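Peer 1: Sequence:
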Amino acid sequence: MGKGAVMESSSSNVLSSTPTTLSPLAQRGPLVITHTGLSGPAILRLSAFAARLLALLDYQASFRIDWLPEFAYPDVVQRLQRAQTANARKHVGTYCPLLTTTAAGSVYVSRGKSIHKEEFTTAGGVALKEVDFKTFGSKRVEGLYFAGEILDVDGVTGGFNFMNCWSGGYIAGRSLAQRIIARDEDGKDGGREGQEGDRDTRGLGL
Numbered sequence: 001m002g003k004g005a006v007m008e009s010s011s012s013n014v015l016s017s018t019p020t021t022l023s024p025l026a027q028r029g030p031l032v033i034t035h036t037g038l039s040g041p042a043i044l045r046l047s048a049f050a051a052r053l054l055a056l057l058d059y060q061a062s063f064r065i066d067w068l069p070e071f072a073y074p075d076v077v078q079r080l081q082r083a084q085t086a087n088a089r090k091h092v093g094t095y096c097p098l099l100t101t102t103a104a105g106s107v108y109v110s111r112g113k114s115i116h117k118e119e120f121t122t123a124g125g126v127a128l129k130e131v132d133f134k135t136f137g138s139k140r141v142e143g144l145y146f147a148g149e150i151l152d153v154d155g156v157t158g159g160f161n162f163m164n165c166w167s168g169g170y171i172a173g174r175s176l177a178q179r180i181i182a183r184d185e186d187g188k189d190g191g192r193e194g195q196e197g198d199r200d201t202r203g204l205g206l
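Under this note's numbering, think of the first position of the sequence shown as 1, with each following residue one higher.
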């Protein structure tokens, strides 16, 4: 796992940034090399912020990874040159340019989205302006409620998506229950009024 890797996404349609001015398309954090590719907080955050853009590109994009963000490119060169001097008989000098380029900014290409359905959350959904967040009810359709990933809400990793689902589900469920209880009470009151009316009518001998 890389503890301080910096990832940048770039392609003909994607703007990249420098590590010193991290934009939503450049993330710094732990990086995990798995048996199928790359993962970890930096990857997950980058894919979250660039979700719509990656979808437009059909997930065909390139990524530059700086494995040593705490060092500038010249610093990496100097360190490798010192290693070359200290190990003159070894092949460090032969691979110095390649090692420097790889450590300071290797490029990887995404060929598509995972087919294993391992997504943490889904971007997109019902527009937030169409939802009353006091009840999580629809502003357009009375009696319709939304919660969880059906809404256009997706957060970074760290439990935020779970909290969104749990909190929204609780409020929507409570609102719907209150609506049903109020409807049933109105029905009972209407029934009692009808019964009392019948008794009054019979009392008059009509």
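The hints are simulated quantities; they were obtained by calculation from the structure and are not laboratory data. Predicted, not measured: the structure shown is a model, and the values here were computed from it. Heads up, a few of these hints could be off.
Claimed, not checked - Across the chosen pairs, the derived CB separations fall in these ranges:
id	residue 1	residue 2	range
1	Lys-129	Arg-179	49 to 59 Å
2	Glu-70	Lys-139	44 to 54 Å
3	Lys-129	Gln-78	52 to 62 Å
4	Lys-129	Gly-173	37 to 47 Å
5	Arg-79	Lys-113	13 to 23 Å
6	Ala-51	Glu-130	19 to 29 Å
7	Asp-132	Gln-60	57 to 67 Å
8	Glu-185	His-35	21 to 31 Å
Where a beta carbon is used, it is the ideal one built from N, C-alpha and C, also for glycine.
Peer 1: Now look at each hint and say whether the structure bears it out.
Peer 2: These are the hints, each one checked on the structure:
1. Lys-129 x Arg-179: 49 to 59 Å: 22 Å, violated
2. Glu-70 x Lys-139: 44 to 54 Å: 49 Å, holds
3. Lys-129 x Gln-78: 52 to 62 Å: 54 Å, holds
4. Lys-129 x Gly-173: 37 to 47 Å: 22 Å, violated
5. Arg-79 x Lys-113: 13 to 23 Å: 37 Å, violated
6. Ala-51 x Glu-130: 19 to 29 Å: Check passed, 20 Å falls within 19 to 29 Å.
7. Asp-132 x Gln-60: 57 to 67 Å: 39 Å, violated
8. Glu-185 x His-35: 21 to 31 Å: 59 Å, violated
Consistency note: the structure conflicts with the earlier hints numbered 1, 4, 5, 7, 8.
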